[in-house]
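Engineer: Below are the chains, spelled out letter by letter.
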Amino acid sequence: MITRVNLFVVVVPLFLALLVSLAIYYLLRMRKASSATWSDILNRLIEVDRDRIAFVALDLVNETGRQREVGDSEIDPSNLWDLIGGIDGLEVLEKNCDVFIELACYVQRWHPEALVVAEQLRLNAREIKWHVARLKGAQETGNLRSSYPLYAQRAVATYYIMTRHLLALYEQGNLVELAQLQAVI
Amino acid sequence: MQHLSGLDLFFWVASLFGHLALLAVLWLRKRAFEFPLFTSLITMYVGRTIVLFFTLRYGSRDAYFYTYWSLAFVDVLLQLAVVYEIASHVFRPTGTWAQDLRWSFLWLLAISAVIGLGLTWLAVPPTQNLRQAIAIRGNFFSSVLMSELFIGITAMSVTMGLPWRTHVARIAQGLGTYSIIGIGIEGLHSYFGLTQGMQGYTLLSHVRIAAYLVCVIYWIVTLAQEAPESRGMPVQMQRQLRLLQRRVAFELANIKGPRGGSDH
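Protein sequences appear in the order of chains P and L. In this text, residue positions in the first sequence follow this note's numbering: the first is 19, and each later residue adds one. In this text, residue positions in the second sequence follow this note's numbering: the first is 207, and each later residue adds one.
Here chain P stands alone, though its shape is the one from the complex:
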């Protein structure tokens, strides 16, 4: 017969083991992030076709980031899939967003004066990941084709603006890391 005591003897040690494992896992991730150098973080960026990103993004927004009028778009929504590279293309952007989140974290840690902008960059990256997560969800429910044009182009446009501002941040600060960043994004 299973009693509360029996359950307690099984569940509590398992729960404790789970807590300890989670604590170690996240503390190690935190330590890895805090000890990473600028180059370490940057080396994880995956190269993307910048011209294609700009082409897709600037179809939705102009260079100042203002959304274009409906009807100004030149890209047929049915072509967006090939232009962006489908879900795989978005996953590359998502992986790069993880790197941008780390970059923002790096700036927040070492340049607290840049906190506000770094925080905005972090939120942008998280927003893109949210769009990609929605699309993955749509993929699982079979609604990807209809959802893709709506979310994918916004994700790409947000990505484009975010990278431009990240470059501007480092350019204005005359930060030596700018050259490395320019080469990758």
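In case anyone wonders, no lab produced these hints; they're calculated from the structure. There could be a bad hint or two in this list.
[Stated by the list, open to error] Now the in silico label distances, taken between C-beta atoms and shown as ranges:
#1 L:F216 to P:V38: 24 to 34 Å
#2 P:R70 to L:P242: 25 to 35 Å
#3 P:I20 to L:Q431: 22 to 32 Å
#4 P:K50 to L:V280: 32 to 42 Å
#5 P:K50 to L:L323: 51 to 61 Å
#6 L:T300 to P:I20: 43 to 53 Å
#7 L:W303 to P:L185: 35 to 45 Å
#8 P:K113 to L:L283: 55 to 65 Å
#9 L:D268 to P:P130: 44 to 54 Å
#10 P:V29 to L:R263: 37 to 47 Å
#11 P:R163 to L:T365: 27 to 37 Å
#12 P:R163 to L:Q431: 53 to 63 Å
#13 L:A416 to P:K50: 28 to 38 Å
None of the values given here were measured: they were computed from a predicted structure. Even for Gly, the Cβ is constructed at its ideal location relative to N, Cα and C.
Based on these hints, arrange chain L on the given structure of chain P.
Structural biologist: Same frame as chain P, now just chain L:
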């Protein structure tokens, strides 16, 4: 009047002086202004040690029990306040709560409480009276709740990409580690209970107190040290960054709007 062994007396004295030393560090290094709730917790511990010591030595068992549990209730409230203080430091990088935090923190609180209550319900400590059962289960619940909250905050901050400042991390690591050890100790208390006598219970309690004293020493050492210096930025750049941030916010507002359709 309760007789105290040499080891018991050592723990009482070490607790008192450890907390006093920690308070000295918090005030002299000006950490008290950054962590007022944590400082209040430690101040309460000093008062509690003195009050409980004299109640134990010169008061009745009833007096000790009610005093202990009244102060334990205050202890849990202050620990929750410290959790809030830590979360505030981590999730409010710009002075306001991070936008992507949303309801996550409240969910963390709710789920932690439910799991804590569930595990505490499973505990059936063999005791001689209700008072002992309440004592053991109350300590167990408190340890489970605090552990979950600290690990939850750590996990959320890593996922969201929010860094921890040094001293915030040290306070959280100390409290979190002590809480996890507390689960183990109180779990054993819950299993073995008090029907076999006080020896096993007292031994486990001593282990817990020793672990806590290590935690206090950890705080004294780490909070006395300065955090690593940040790399300064020229005033001109700070101004440019503020302008940049205003531009980003404006452009994002544009891009979030629908293209003649409803928003996500």
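Engineer: Go ahead and decide if the range 37 to 47 Å is satisfied by the Cβ distance of V29 of chain P to R263 of chain L.
Structural biologist: 39 Å, holds
Engineer: Given a hint of 44 to 54 Å, does the C-beta separation of D268 of chain L and P130 of chain P actually sit inside it?
Structural biologist: 53 Å, holds
Engineer: Taking the beta carbons of K113 of chain P and L283 of chain L, is their distance inside 55 to 65 Å?
Structural biologist: 43 Å Cβ-Cβ, so the 55 to 65 Å window is violated.
Engineer: Confirm or reject the claim that K50 of chain P and L323 of chain L have a C-beta distance inside 51 to 61 Å.
Structural biologist: Violated - the Cβ-Cβ distance for K50 of chain P and L323 of chain L, about 35 Å, lies outside 51 to 61 Å.
Engineer: A416 of chain L and K50 of chain P, beta-carbon distance inside 28 to 38 Å?
Structural biologist: 31 Å, holds
Engineer: Lying within 25 to 35 Å: is that true of the beta-carbon distance R70 of chain P to P242 of chain L?
Structural biologist: For R70 of chain P and P242 of chain L the Cβ distance comes to about 52 Å; the hint is violated.
Engineer: Quick one: are K50 of chain P and V280 of chain L within 32 to 42 Å, going by C-beta?
Structural biologist: 39 Å, holds
Engineer: Can the suggested window of 24 to 34 Å be confirmed for the beta-carbon pair F216 of chain L and V38 of chain P?
Structural biologist: At 29 Å between Cβs, range holds.
Engineer: Using the C-beta atoms of T300 of chain L and I20 of chain P, is the stated range 43 to 53 Å upheld?
Structural biologist: Holds, since T300 of chain L and I20 of chain P (Cβ atoms, about 51 Å apart) stay within the stated range.
Engineer: Could you see if the CB distance from I20 of chain P to Q431 of chain L stays within 22 to 32 Å?
Structural biologist: Check failed, 51 Å falls outside 22 to 32 Å.
Engineer: Starting from the range 27 to 37 Å, see whether the pair R163 of chain P and T365 of chain L falls in it by beta-carbon distance.
Structural biologist: Given a distance of about 30 Å, which is inside 27 to 37 Å, the answer is holds.
Engineer: Is it true that R163 of chain P and Q431 of chain L lie within 53 to 63 Å of each other by Cβ?
Structural biologist: Check passed, 57 Å falls within 53 to 63 Å.
Checked against the numbered hints listed earlier, the structure breaks hints 2, 3, 5, 7, 8; every other hint is satisfied.
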